[in-house]
Amino acid sequence: MSKLEPPWAVDEPDGSNLENCAVVEGPLKMADARCDEQQCVVCAVPRRPVWKLLGACERYHRNTHFVALQDPSEGFLFRGYSDYRIVRDGSQWLWWDWRNSQTVATLSSGVNGVPIGRQDWRLTRPMCGQTEGETRRLLLTPCPADFFSCDDASCIRLYQRCDLKFDCRDKSDESGCQLVRFPPVYRPDLPPVVNNRNNESSPLPVTVRVIIESADVDTPSMHMHVNLNVSMTWQEARLNFLNLNEDYTLNR
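Straight run, no breaks: the sequence shown in the working numbering ends on number 1216.
One or more hints might be untrue.
Think about it this way: if two alpha-carbon atoms lie no more than 16 Å apart in a straight line, the pair counts; the simulated EDC-like pairs of lysine to aspartate or glutamate are [as the list claims (entries may be wrong)]: (1) Lys1129 to Glu1210; (2) Lys1016 to Asp1047; (3) Lys1129 to Asp1211; (4) Lys1135 to Asp1115; (5) Lys1016 to Asp1115; (6) Lys993 to Asp1131; (7) Lys1016 to Asp1116; (8) Lys1135 to Asp1116; (9) Lys993 to Asp1116; (10) Lys1016 to Asp1110; (11) Lys993 to Asp975; (12) Lys993 to Glu976; (13) Lys993 to Asp1134; (14) Lys993 to Asp978; (15) Lys993 to Glu969.
Pairwise CB distance ranges, derived in the manner of DEER restraints [to be verified]: (16) Asn1027 to Tyr1212: 37 to 45 Å; (17) Ser1195 to Glu1096: 49 to 57 Å; (18) Arg998 to Ser1055: 27 to 35 Å.
Hint data in this document are derived by calculation from the structure and do not stem from the laboratory. Nothing here was measured: the structure is a model prediction, and the numbers come from that model. The C-beta atom is built at its ideal place from N, Cα and C for all residues, glycine as well.
Taking the hints into account, I'd like the entire structure generated from these sequences.
Written out as structure tokens, the structure is:
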């Protein structure tokens, strides 16, 4: 049996030997408490949250949507909207295609014993250009589209991503905050090729900026030395910008 490491709330556990029972203080926030204390809870679940498996290169969205269930015979599992399930098999988790009786990927050492969040799965069939036996990072998350999913599957607002302060408990929101993605071959001194609708080259609009600076004036010889700085700018379409923030001062 694997040891479960629950997602503790801030400064928890803090009761040492005096608090030996666990309570839930909020979503993915657990704390220790005295076992002789009575705890009350009020909860309302209008519908089960939908978990999405991202990074799987599936053609249809329904193939990546799951609902967490507690089945009397199979135990805790994620049941998909289509042919997939994520089930526990001994010490590992299986991404299972029940219609074809085929394992898609396996997770041997899930963080905290569960497959949620960003974790490295081993593929048992080709996927996304990778071959069987390779490792692929997948994300099982309940976060809506306008939220960022932390590595532990907790959710923060999208604008909190890469804002120079930690908002995720695991501090994963400030990882991989690359702003510019360059193509494999990129020469900043060469302008991009502009193609029109007929795939023919078109003129590239270029802005030229000239700065003339007076460096030295020799009155007797009537000579003046100047520095001439010429810069050219154009709209760069070869770059992809990532993790841009509404606060433009953070996009540097």
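**Message:** Please list, smallest to largest, the hint numbers that this structure does not respect.
**Reply:** Checked against the structure, no hint fails, so every one of them is satisfied.
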